[in-house]
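Protein chains in written order, with this note's numbering: chain A, 4 to 528; chain B, 184 to 324.
If you are wondering where the hints come from, they were derived from the structure by calculation, not from laboratory data.
One or more hints might be untrue.
[To be verified] Taking lysine to aspartate or glutamate and the DMTMM-like style, the derived pairs with C-alpha atoms no more than 25 Å apart in a straight line are:
1. B/Lys-306 <-> A/Asp-499
2. B/Lys-275 <-> A/Glu-327
3. B/Lys-212 <-> B/Glu-317
4. A/Lys-441 <-> B/Asp-274
5. A/Lys-428 <-> A/Glu-418
6. A/Lys-357 <-> B/Asp-248
7. B/Lys-306 <-> A/Asp-47
8. A/Lys-469 <-> A/Asp-367
9. A/Lys-165 <-> B/Glu-286
10. A/Lys-76 <-> A/Asp-126
11. A/Lys-428 <-> A/Asp-368
12. B/Lys-228 <-> A/Asp-150
13. A/Lys-428 <-> A/Asp-323
14. B/Lys-228 <-> A/Asp-47
15. B/Lys-275 <-> A/Glu-419
16. B/Lys-228 <-> A/Glu-117
17. B/Lys-306 <-> A/Glu-437
18. A/Lys-428 <-> B/Asp-248
19. B/Lys-275 <-> A/Asp-323
20. A/Lys-428 <-> B/Glu-263
21. B/Lys-212 <-> B/Asp-274
[As the list claims (entries may be wrong)] Stretches of chain B that chain A covers, calculated by requiring three or more beta carbons in the stretch to come under 8 Å of a beta carbon on chain A:
22. 207-219
23. 312-322
[Claimed, not checked] Label pairs and their in silico Cβ distance ranges:
24. B/His-296 <-> A/Asp-113: 55 to 61 Å
25. A/Arg-27 <-> B/Arg-238: 42 to 48 Å
26. A/Leu-218 <-> B/Thr-322: 48 to 54 Å
27. B/Trp-232 <-> A/Pro-325: 14 to 20 Å
28. B/Asp-213 <-> A/Glu-49: 46 to 52 Å
29. A/Glu-69 <-> B/Gly-224: 27 to 33 Å
30. B/Ala-292 <-> A/Ala-393: 21 to 27 Å
31. B/Asp-213 <-> A/Asp-61: 32 to 38 Å
32. A/Lys-165 <-> B/Arg-238: 30 to 36 Å
Just so it is clear, CB atoms sit at the ideal spot from N, CA and C, and this is done for glycine as well.
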Amino acid sequence: MRDKIRDINSARNAKLPPRAGTPRRLAAIVAADISGYSRLMELDEEGTHVRVKRIQRDLVEPSITEHYGRLVKTTGDGFIAIFDSPVEAVRCGIVIQQNMAGRNTSLPKDHWIEYRIGINLGDVIIEEDDIYGDGVNLASRLENMADPGQLYISGGIYEQIKNKLVCGYESLGDRKVKNITDPVRVYRVLPDPAAVKSRKRRDTVLVLLISLIWLGIASGALWYWLPHSKLRIQTNQVSSEVPNVTQAPVAKQPSQLSQSSISPTIADQQARQQTQPLPSAAPAEKQAALQTPLATQTSAIREPEMNALRGGPFMMGSNDDPSEKPVHQVTIKPFAISRYPISVREWNECFAAKGCAFAATGKDDAPVTNVSWSDAKQFVAWLAGSTRKAYRLPTEAEWEHAARGGTQTKYWWGEEFQPGMANCKNCADTVVAEQPVKLGSFKPNPFGLYDMGGGVDQWVEDCWHKNYQGAPSDGSPWLDSDCTSHVIRSGSWKNDARYVRPANRDSYDTNVRYPTHGFRVALSP
Amino acid sequence: MKIVRLTLLAAALTLPSFAVHAQGKQAPKDAVLYFVWPQNGATIKGGFWCRFGLRNMGVTHAGDDFQNSGHHHLLVDVNEPLDVNEPIPQDKNHIHFGAGQTEARLELAPGRHTLQLVLGDAKHYPFNPPLVSEKITVTIK
Numbered sequence: 004m005r006d007k008i009r010d011i012n013s014a015r016n017a018k019l020p021p022r023a024g025t026p027r028r029l030a031a032i033v034a035a036d037i038s039g040y041s042r043l044m045e046l047d048e049e050g051t052h053v054r055v056k057r058i059q060r061d062l063v064e065p066s067i068t069e070h071y072g073r074l075v076k077t078t079g080d081g082f083i084a085i086f087d088s089p090v091e092a093v094r095c096g097i098v099i100q101q102n103m104a105g106r107n108t109s110l111p112k113d114h115w116i117e118y119r120i121g122i123n124l125g126d127v128i129i130e131e132d133d134i135y136g137d138g139v140n141l142a143s144r145l146e147n148m149a150d151p152g153q154l155y156i157s158g159g160i161y162e163q164i165k166n167k168l169v170c171g172y173e174s175l176g177d178r179k180v181k182n183i184t185d186p187v188r189v190y191r192v193l194p195d196p197a198a199v200k201s202r203k204r205r206d207t208v209l210v211l212l213i214s215l216i217w218l219g220i221a222s223g224a225l226w227y228w229l230p231h232s233k234l235r236i237q238t239n240q241v242s243s244e245v246p247n248v249t250q251a252p253v254a255k256q257p258s259q260l261s262q263s264s265i266s267p268t269i270a271d272q273q274a275r276q277q278t279q280p281l282p283s284a285a286p287a288e289k290q291a292a293l294q295t296p297l298a299t300q301t302s303a304i305r306e307p308e309m310n311a312l313r314g315g316p317f318m319m320g321s322n323d324d325p326s327e328k329p330v331h332q333v334t335i336k337p338f339a340i341s342r343y344p345i346s347v348r349e350w351n352e353c354f355a356a357k358g359c360a361f362a363a364t365g366k367d368d369a370p371v372t373n374v375s376w377s378d379a380k381q382f383v384a385w386l387a388g389s390t391r392k393a394y395r396l397p398t399e400a401e402w403e404h405a406a407r408g409g410t411q412t413k414y415w416w417g418e419e420f421q422p423g424m425a426n427c428k429n430c431a432d433t434v435v436a437e438q439p440v441k442l443g444s445f446k447p448n449p450f451g452l453y454d455m456g457g458g459v460d461q462w463v464e465d466c467w468h469k470n471y472q473g474a475p476s477d478g479s480p481w482l483d484s485d486c487t488s489h490v491i492r493s494g495s496w497k498n499d500a501r502y503v504r505p506a507n508r509d510s511y512d513t514n515v516r517y518p519t520h521g522f523r524v525a526l527s528p
Numbered sequence: 184m185k186i187v188r189l190t191l192l193a194a195a196l197t198l199p200s201f202a203v204h205a206q207g208k209q210a211p212k213d214a215v216l217y218f219v220w221p222q223n224g225a226t227i228k229g230g231f232w233c234r235f236g237l238r239n240m241g242v243t244h245a246g247d248d249f250q251n252s253g254h255h256h257l258l259v260d261v262n263e264p265l266d267v268n269e270p271i272p273q274d275k276n277h278i279h280f281g282a283g284q285t286e287a288r289l290e291l292a293p294g295r296h297t298l299q300l301v302l303g304d305a306k307h308y309p310f311n312p313p314l315v316s317e318k319i320t321v322t323i324k
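So that you can see chain A by itself, here it is in the shape it has in the complex:
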């Protein structure tokens, strides 16, 4: 191969008068380096050196030759090679990466040697033992971008290989590269071609969801500014459905509200409850239909029943599961949280107002299920927009504070599980045919909140973190700029008693719906 290149060079030199004395040619440039090389050297200098040399001799050099490439130079922790064919260059990269993955499996993680590889197609200047040109720089930049064990290619390489090499490619979009004027299209080469489709689709779904959220906010705002007469008609319709509601458990529990000073929202709720007819009181219905709009003059939407909590310090977490450690003190600011998870009826009001993406199925007084975190965010955005109140998802700390109800025990009622206290798997003697059961079917906790544990899983605002190392201590949501999974709390009717514990936490993909996932809302004062 080396001879061949010399041949080309000498042929050109022979025919043409020497220009700047530097032959150029188009080549696929492979730049590779070992991630964490200095760390590896620090761990075991001689051992690492020997291993790297052996890898270069046994794997890198033969692979390059086998794919008709030429090793231009090796650096301490990497190499640069050129290939005539982009297909061969990428093949070589894949072979090296797969081989390294195999070699690493028998080793502890901190001894892994992992290459990052970047491949670019560029017009380069070739010298005996080095190559130059921004095509080389770009290959190095791609290599720097790549995660350990990954192979990144430029758009130029991709165009050449896309229909020739059966592997997956994930577009990472146009990336701005240091010292290179135009953005460069970057692709990640995936081991499994099937993985690509879904990634693309996931992006589409994400874009769709974001636009839907905006639509939700916009339509919420629009709703607010609609002529008032229309709102009144809507309210009448809503309240005429009231006889289906069973308000009994709420009516029995007014004392539960004494947890703290009652916010205007709650006063509002109580006023409304008084005006709402009992299921049997049919004649009162019309009267209520007239009264209800008066009671809720501030907005046309039936707001969730909220319990105001005083907040204060509490110990969050437990030692029962690694994800719940360390137990740490969090101070919660006063806030209100919905007494129940959001119901099918409440959800469908959002859907009817075009604030939510789909119509929920199930009984009106059952919790809404099959909602993703993004769906839940749509609902709170709609609710906040149409009521002009700061409705939101609770933070993870707020949720646990509310679920504990002022207790520090394993369950809010004590250290031992008691059957019949929560809707979970194998938690009662009788099997319920239809799940999830009606909201408020079990005892409320000391804060007067129902279904905080069991029933439906409940989304909170926070991104998922595998434990509480570095968690905020002020009750604010723990967010990252880009999180693909969020925290779910409470456990569901399909989980066993361990999941009912207020400290229990789990995660789920942000944009994915699952049949046991619901949510409740919070309100800042």
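Given the coordinates of chain A, assemble chain B onto it according to the supplied hints.
Positioned in the frame of chain A, the structure of chain B alone reads:
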């Protein structure tokens, strides 16, 4: 008359089975679900990346109902048999990859663990018959 009776009988026999397996989608016969890594019997120190392989089918986002596609579920230390008439459970032992992930970082407690992949359809139901990988055992040091 006999034919009618036989048809009715056949209908009566097939209908309930349809009702029971209402969700059961069929996976292509040549579809293979497997672990790219780790291999059965592997001994691993600390956390590791578990990589899922699927041949002759596509991986999609949960909720996307395309022909011959599904998303991965990883069962860790699960001994109960899989119920094809229920969505694949979601808990600490049934890890879902509804965003179409084909790999996951696992941090398991030291000791022996079993791992098995199950492909789920758009609504998280297993295929029928279920498309599952070999159940492998790994040891975490």
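Status of each hint after checking the structure:
no.: 1; hint: B/Lys-306 <-> A/Asp-499; verdict: holds (22 Å)
no.: 2; hint: B/Lys-275 <-> A/Glu-327; verdict: holds (13 Å)
no.: 3; hint: B/Lys-212 <-> B/Glu-317; verdict: holds (16 Å)
no.: 4; hint: A/Lys-441 <-> B/Asp-274; verdict: holds (23 Å)
no.: 5; hint: A/Lys-428 <-> A/Glu-418; verdict: holds (19 Å)
no.: 6; hint: A/Lys-357 <-> B/Asp-248; verdict: holds (24 Å)
no.: 7; hint: B/Lys-306 <-> A/Asp-47; verdict: violated (50 Å)
no.: 8; hint: A/Lys-469 <-> A/Asp-367; verdict: violated (35 Å)
no.: 9; hint: A/Lys-165 <-> B/Glu-286; verdict: holds (23 Å)
no.: 10; hint: A/Lys-76 <-> A/Asp-126; verdict: holds (18 Å)
no.: 11; hint: A/Lys-428 <-> A/Asp-368; verdict: holds (21 Å)
no.: 12; hint: B/Lys-228 <-> A/Asp-150; verdict: holds (21 Å)
no.: 13; hint: A/Lys-428 <-> A/Asp-323; verdict: holds (19 Å)
no.: 14; hint: B/Lys-228 <-> A/Asp-47; verdict: holds (18 Å)
no.: 15; hint: B/Lys-275 <-> A/Glu-419; verdict: holds (21 Å)
no.: 16; hint: B/Lys-228 <-> A/Glu-117; verdict: holds (17 Å)
no.: 17; hint: B/Lys-306 <-> A/Glu-437; verdict: holds (19 Å)
no.: 18; hint: A/Lys-428 <-> B/Asp-248; verdict: violated (29 Å)
no.: 19; hint: B/Lys-275 <-> A/Asp-323; verdict: holds (13 Å)
no.: 20; hint: A/Lys-428 <-> B/Glu-263; verdict: holds (14 Å)
no.: 21; hint: B/Lys-212 <-> B/Asp-274; verdict: violated (29 Å)
no.: 22; hint: 207-219; verdict: violated (count 1)
no.: 23; hint: 312-322; verdict: violated (count 0)
no.: 24; hint: B/His-296 <-> A/Asp-113: 55 to 61 Å; verdict: violated (21 Å)
no.: 25; hint: A/Arg-27 <-> B/Arg-238: 42 to 48 Å; verdict: holds (43 Å)
no.: 26; hint: A/Leu-218 <-> B/Thr-322: 48 to 54 Å; verdict: holds (51 Å)
no.: 27; hint: B/Trp-232 <-> A/Pro-325: 14 to 20 Å; verdict: holds (19 Å)
no.: 28; hint: B/Asp-213 <-> A/Glu-49: 46 to 52 Å; verdict: holds (50 Å)
no.: 29; hint: A/Glu-69 <-> B/Gly-224: 27 to 33 Å; verdict: holds (31 Å)
no.: 30; hint: B/Ala-292 <-> A/Ala-393: 21 to 27 Å; verdict: violated (41 Å)
no.: 31; hint: B/Asp-213 <-> A/Asp-61: 32 to 38 Å; verdict: holds (36 Å)
no.: 32; hint: A/Lys-165 <-> B/Arg-238: 30 to 36 Å; verdict: violated (21 Å)
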